[in-house]
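Residue numbers (the numbering used here), protein chains in the order written: chain A, 1 to 149; chain B, 1 to 166; chain C, 1 to 790.
Some clues are possibly wrong.
[Unchecked claim] EDC-like, lysine to aspartate or glutamate: derived pairs with alpha carbons at most 20 Å apart:
id, chain 1, residue 1, chain 2, residue 2
1, C, Lys105, C, Asp126
2, C, Lys302, C, Asp166
3, A, Lys51, B, Asp42
4, A, Lys6, A, Asp110
5, A, Lys83, C, Asp310
6, A, Lys134, A, Glu37
7, C, Lys17, B, Asp83
8, B, Lys153, B, Glu123
9, C, Lys105, C, Glu119
10, A, Lys83, C, Glu568
11, C, Lys9, B, Glu94
12, C, Lys17, B, Glu124
13, B, Lys145, C, Glu782
14, C, Lys501, C, Glu568
15, A, Lys146, A, Glu49
16, B, Lys145, B, Glu124
17, C, Lys244, C, Glu190
18, C, Lys458, C, Glu782
19, B, Lys93, C, Glu134
20, B, Lys131, C, Asp72
21, A, Lys51, C, Asp714
22, B, Lys93, C, Glu535
23, A, Lys83, B, Asp16
24, C, Lys569, C, Asp602
25, C, Lys17, B, Asp82
26, C, Lys105, C, Glu123
27, C, Lys576, C, Glu625
28, C, Lys436, C, Glu452
29, A, Lys83, C, Glu136
30, B, Lys131, C, Asp721
31, C, Lys94, C, Asp166
32, B, Lys4, B, Asp69
33, A, Lys83, C, Asp126
34, C, Lys17, C, Glu516
35, C, Lys662, B, Asp82
36, B, Lys145, C, Asp721
37, A, Lys83, C, Glu134
38, C, Lys17, B, Asp69
Rather than coming from a laboratory, the hints here were simulated on the basis of the structure.
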Amino acid sequence: MQLTGKHIINAAPAVVWAMLMDTDTLARIVPGISRLEKTGDHTFNSILEIKLGPVNSSFTGNLQLENVIVQKGFTLRGQQNSKIGNASAALKIGLSLVNAVQTEVAFNGDIRLSGLLATMGQRIMSGVANTLSKQFFANLEKEVEKANV
Amino acid sequence: MSIKISVTVNGVKHHDRVEPRLLLVHYLRDVLRLTGTHVGCDTSSCGACTIHVNGKAAKSCTLLAVQADKTKIITIEGLAEDDMMHPLQEAFKECHGLQCGFCTPGMIMTAADLLQHNSKPTEEEIRAALKGNYCRCTGYHNIVKSVQYAAAKMKAAKKPKKEVVL
Amino acid sequence: MSTNDWIGKSVRRVEDKRFITGMGRYTDDIILPQQTYASFVRSPYAHAKIIGVDIRAAKSMQGVVAIYTGADVASVNGVPCGWQVNFKNGDIMKEPKHPLLVADKVRHVGDAVAIVIAESQAEAVDAAQAVNVEYEELPCVVNAAEAVKPGAPLVHADVPANTCYDWSLGNPISEVDEAIHNAAHVSTLEFVNQRLIPNAIEPRSYNSSYEAATDKYTLYTSTQNPHLIRLLMCAFVLGIPEHKVRVVGPDVGGAFGSKIFHYTEEALLTWCTKKIKRPVKWTSTRTEAFQLDAHGRDHITKADMGFDKDGKIMALRVKTFANLGAYLSSFATCVPTYLHGTLLQGLYTTPKINVDITAVFTNTTVVDAYRGAGRPEATYLLERLVDLAAHEMNMDPAELRFKNFIPPFDGINQPGYQTQVALQYDSGNYEGVLKKGLEMLGYENFRNEQKEAAGNGKLLGVGFSTYIEACGIAPSAVVGSLGARAGLYEVGQVRVQPTGKVSVYTGSHAHGQGHETTFAQVVADKLGISMDDVEIVHGDSEAVAFGMGTYGSRSIAVGGSAIVKSIEKIIEKGKKIAAHKLEANADDIEFASGKFTVKGTDKSVGFGDVALTAYVPHHYPAGLEPGLDFSSFYDPANFTYPFGCHIAVVEIDKETGNVILKRFIAVDDVGNVINPMIVDGQIHGGVVQGVGQALFEGAEYDANGQLTNGSYMDYCMPRADDVPMIETAGQVTPCPHNPLGVKGAGEAGTIGSTPAVVNAVIDALWSGGHKVKDIRMPVTSERVWRAMQN
Ligand code: FES
Ligand code: FES
C-alpha cells in the first residue's frame, strides 16, 4: 500500500532534523512506540503498540535510517513482526525549506502487510495510516512548541 | 484468575467460575454442553450463535460469559415449551426452512425476536430482520416462508383468546 | 393409489427434528474423554523460506501437551491427488508433495508450519502464538496467466513454468481455427471466472482418537465422503491398515464441495493422536477457512464463437488458464478438464469445438471442486457468448438459442446425443425449458417494460442461461480411462429386520440434502411400507460397507440406484420365500404394495411375514439361505445430464450503478423427482450461490499473495435482503439409464444462475446504449457505474 503525505512545521529544517535524529524525541513522535532502542548509528530496535480496527497488537522489529542526507532527508526502512502478521515499510522522508522558520516534511513510500493484518486490516489500513500520520505531525508540532518555549 | 457467574439458561440456574476471556458461546457449548448454539465465524457476522439474553436476540460470540452474569438466557434447546414446539420450529420443518441445519438455531432465535415485536411482518421486514444471519444452503426463500408461516400460525392461535376478551 | 406411494411427494424431512431443537451433532459438538485441542502456526507470507522454527518458549507454556513441526513429519507422505491428467505430449502431470506440515518453504498464506496441542483450545492458541518462525520472504505469483511466463517465481522448484499440465479436447484445432476464420460473425470474450470461497457455515472440524489396547483409530470429520477419506488417509498418507480406522462424518453443516477433499489436518491429527495417545480436536476458525478450504473457479479465459449469417453456431474455441493454487487438492485436476472441457457443447449443435487448458500452480490457496465444479465455468462461457452474440448480431437471445438447440431426444427411441467433447448426453428436451421460462417471464411484456423503465432513471435487463451439466458421477470405466484413481460407483445395503422394519446403509453422505427423507421415500415406496419403518444410516465407515460419498449431484442417481438394486434382490428372495409359504411357484409371485401375491389369485402374504420367515426359517425353501439383507455396488452406465433454463431480471440505478435482482426464474429438468420440496430447496440455494458469484463474491489477492478479503466483514455473500423469492418450475425428461429415472439436482442452481444474472446486467446496459461486451464479476455498483460512463 502506498503512503504519501506532507505537512508544514513551524521550525527551521535544522531544528526538525535534530528532533528526527534524536532517539528520545523520535520515540515520542512516532505514534505507538513503546520502546525504541538505538543499536547502531542509524539502527534501532523497537516495540510498537498499534490498533488497526478489529486487530490490535504489539509489534517488535527493527528500524533503519538509510540514505541519510543531513537536513534533507532519509529513508526509513523497517520490519515489524507481530502475532497477527508482519509489516514491512520503506518510507522516504524529505525536508525542504519553506522559509527561515518553516519546514515542509514530506513522506512517500509503501507498506506491505501479511497474515491476519493483511486479511482483516487492509480494508481499514489507509484510514489508519492517515490517522497515524496525522498523529505523527501533531506530535512533531508539540515537540517543536516545547522547544520554542 | 476466574470469575464467578450465575446465569439462568433455559430456566435452569447455573453457578460457574469462568475465565474472564471466555466467550458466552463457548460457555454455553463447552461448559454447559448446549451445543445447539453454533459458531460460524470469528467476526460476529454470521448469526449462527444467536440466543436470547433477557428476552432479546443477541450474538453469543459478541458477549463474554462474565457479561452474562445474572441474566436469563434462552437457547434453541429451551425454545420449545414442555415438548410443544415453538411455532417457528414447526414452521421451519413444514416449509423446508433448513437444509444442513447449521444456521437454523440462530435463524430461529432471530426470527423469534422479530415475531415478538412484529406479529405480521412483511417479506421485506423479515428479510431485513434476518440480514445478520448467513445461510449458505437455502437461498433464504424457504426461511422467509417459514417465518411467514409461523407468524400466521401464532396469530391464529391468539385469535380465539381475543374474541373471548371482546 | 396406495398410502405407501411415497415417490414424488413433498414429504417433510425426517432429519429436521434434531436440527430445529438444537440436537444436531456436528463434529465440533463432540468432546471425548481426555480431549486435547490443536492450534496451528501458519505462514503469514505467500512464499517464503523457513529459516528456523523455535518452539522452546511455547513448549513450556501452561497446558501444552505436544508441538510438532515440519521436521517431525518429514518422512510422512503428503496428501494425494485422486485424478491424474496427462500433458498433451503424454507426460504425467506434475504432482508436488503436499506435506502435512511444511519444513522447507511456505507456499501460500496459511500454510502450516507447526501444530500445537494443549489441554484447552485457549492454551493451544496462546502457545501457537509463542512459536517463533523466522522466514525469508520470496517473490510470489498469484495470477495463473502470469505464472507460466518466463521468469515468474516458481512455486515448486521442480515444476517448470508452474505448469501442472496442459490439455486439450475436441476437434483438431486447425479445423476449429478454419471454421472460426470462415464464420460470418465471431463473438469473442476475454474474461475472468473469479475465485470463490465456498464458506459452508460450519467450519471444518476434526477429532481423531487412538486406542492403544486395540490399535484402533476413530476420526470424526466434517466430510462429504468418510470412506474416501479413510482410503486416502490410510493407504496413501499414513500407511495404516484401513480396518483399524473408523471414519465418521456426523452431521455436517453444509459443504458445497469444500468438504470432499482429504485435508492435511485430518491426516495430521490422526498421526498426532497415536503419538500422544489422547484424542486431538481441531476446528477451523473462519479466518482459517478462508485461507485453507479449497477455493473454487479461478479461470482466465479467451473464447471465440463463430456463427454463420443466420446465427447458427459454427465453432467454439476456448483457451483457459486454470489456477490450482499452491498444491494439488484431491480432485483439483479433473475440474478444469473433465468437468469443464467436456461440457462445452452446451445445449447447442456446434459442429467444431476445441478447448485448451493450462493448469497452473500459484502462491494461493488450493482450488478444487466448488458447487458445480467446472460446469459453472463452462456454462458461464457459453451463455455469456451466446447472449453477447445476440446483442452483436442484433438478434433476440431466446431466438438465437432456439435456432441452435439440439432437438429433443429421449435416449430410448432416439439415441443419446454424441458431443464433440467426449460425452454422450442421455436425454433432453432443451426447447421445452426455455419455452416454459419465457412464459413465466412474460417475455413480450417485459420488452415493453424495459423501454418504459429507461424513462424513469432505471435500466431494466433480462438475462438468459440455458445450461446442461454432467451429474451422477460416474461410470467407473469411463472415468478410469480419463485418469480417475478410484471407481465412482456407490454402495447401498438394505437390511430387512425380522419384524419387517428396514435399515438402509448408504455410502452416500448428506450434509443438507435430506437423504434420510428422500432415500427413505424410495425404499418405503418400493417395498410398499410406511416411511416410519425405514431408517437411513450413512456417514460411518464402521456401519456402511463402503461408499464414494456425495458430490457431483450423484447421491440419488448413483446412491439411490444402488439401494434400488438391493431392494430388487430383497424382492427376488422374498418371492421365493412367499412362494414356499403360499405353495406356489416363485415365478407366479408378484410383489406390489407391500404384498406378495400369487398372480391372478387373492392368495397373498405380507412383507412383514416374509421378513419374519426369513429370520425364523422353520418352514423354508430348501437350499435358500436365511436372512433378508442385500448389498449392491451400483456403477452407472453413463453420467446423467440435467438441464434447464434460468432467467434473471435486474434493475440498474442509472445514478449509482446499483444492481437489484428483481426476479429469478428457474426451470430445471432434473429427470424424475422423488421429493419436489427438497429439489426446490436445492435449486433455491444453488441459485443464490450462483447469484453470489455474479453480484457479490470474489477472492481478492494483492500482489504479495495476501488474501485481502478473508473474513465475513470483507467477503460479501448474499444475505436475506439481497435476493428475491426464486420462481421455480420443473420439466421431466427421465434419465433412461438408471432405475429411478433421476438425474440429480444439487448443482443445477449454481450452474445455471450466474450467467443469467450477468447477461441481465449487460442487457440492461445495452438497453441504455452502453454497448459493453463484458463486465467483471462480481458485478458491483462501481463496475456498473464505470461501464455507464463510457
Ligand atoms: S459465531 Fe458468527 S456471529 Fe457469532
Ligand atoms: S441450512 Fe445450511 S447454512 Fe442454513
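Pair hint Lys145 (chain B) and Asp721 (chain C), alpha-carbon separation not exceeding 20 Å: Judged against 20 Å, a Cα distance of about 14 Å means the pair holds.
Can the restraint linking Lys146 (chain A) and Glu49 (chain A) be considered satisfied, given a maximum Cα separation of 20 Å? 25 Å, violated
Holds or violated: Lys83 (chain A) and Asp126 (chain C), Cα atoms, limit 20 Å. 10 Å, holds
Taking only the CA atoms, is the gap from Lys17 (chain C) to Asp83 (chain B) under or equal to 20 Å? Within the cut-off at roughly 12 Å; holds.
Just to be careful, I want the Cα atoms of Lys662 (chain C) and Asp82 (chain B) compared with a cutoff of 20 Å; is the pair within it? With Cα atoms ~43 Å apart, Lys662 (chain C) and Asp82 (chain B) exceed 20 Å; violated.
For the pair we were handed, Lys17 (chain C) and Asp69 (chain B), check the Cα-Cα distance against 20 Å. Given pair Lys17 (chain C), Asp69 (chain B) is violated - Cα atoms ~31 Å apart, limit 20 Å.
Restraint status (C-alpha distance of Lys51 (chain A) to Asp714 (chain C) at most 20 Å): Status holds; Cα separation ~18 Å.
Taken at face value, is the distance from the CA of Glu516 (chain C) to the CA of Lys17 (chain C) at most 20 Å? At roughly 12 Å apart (the allowed maximum being 20 Å), Glu516 (chain C) and Lys17 (chain C) satisfy the hint.
Would the pair Lys17 (chain C) and Glu124 (chain B) pass a check requiring their Cα atoms to be no farther apart than 20 Å? 28 Å, violated
Straight-line Cα separation of Lys458 (chain C) and Glu782 (chain C) no greater than 20 Å? Judged against 20 Å, a Cα distance of about 16 Å means the pair holds.
Need the status of pair Lys9 (chain C), Glu94 (chain B): alpha-carbon distance at most 20 Å? With a Cα-Cα distance of about 14 Å, the restraint between Lys9 (chain C) and Glu94 (chain B) holds, given a limit of 20 Å.
Can you confirm whether the C-alpha distance between Lys93 (chain B) and Glu535 (chain C) stays at or below 20 Å? Holds, at roughly 19 Å.
Checked against the numbered hints given earlier, the structure breaks hints 1, 5, 6, 9, 10, 12, 13, 15, 17, 19, 20, 23, 24, 26, 28, 35 and 38 and satisfies all the rest.
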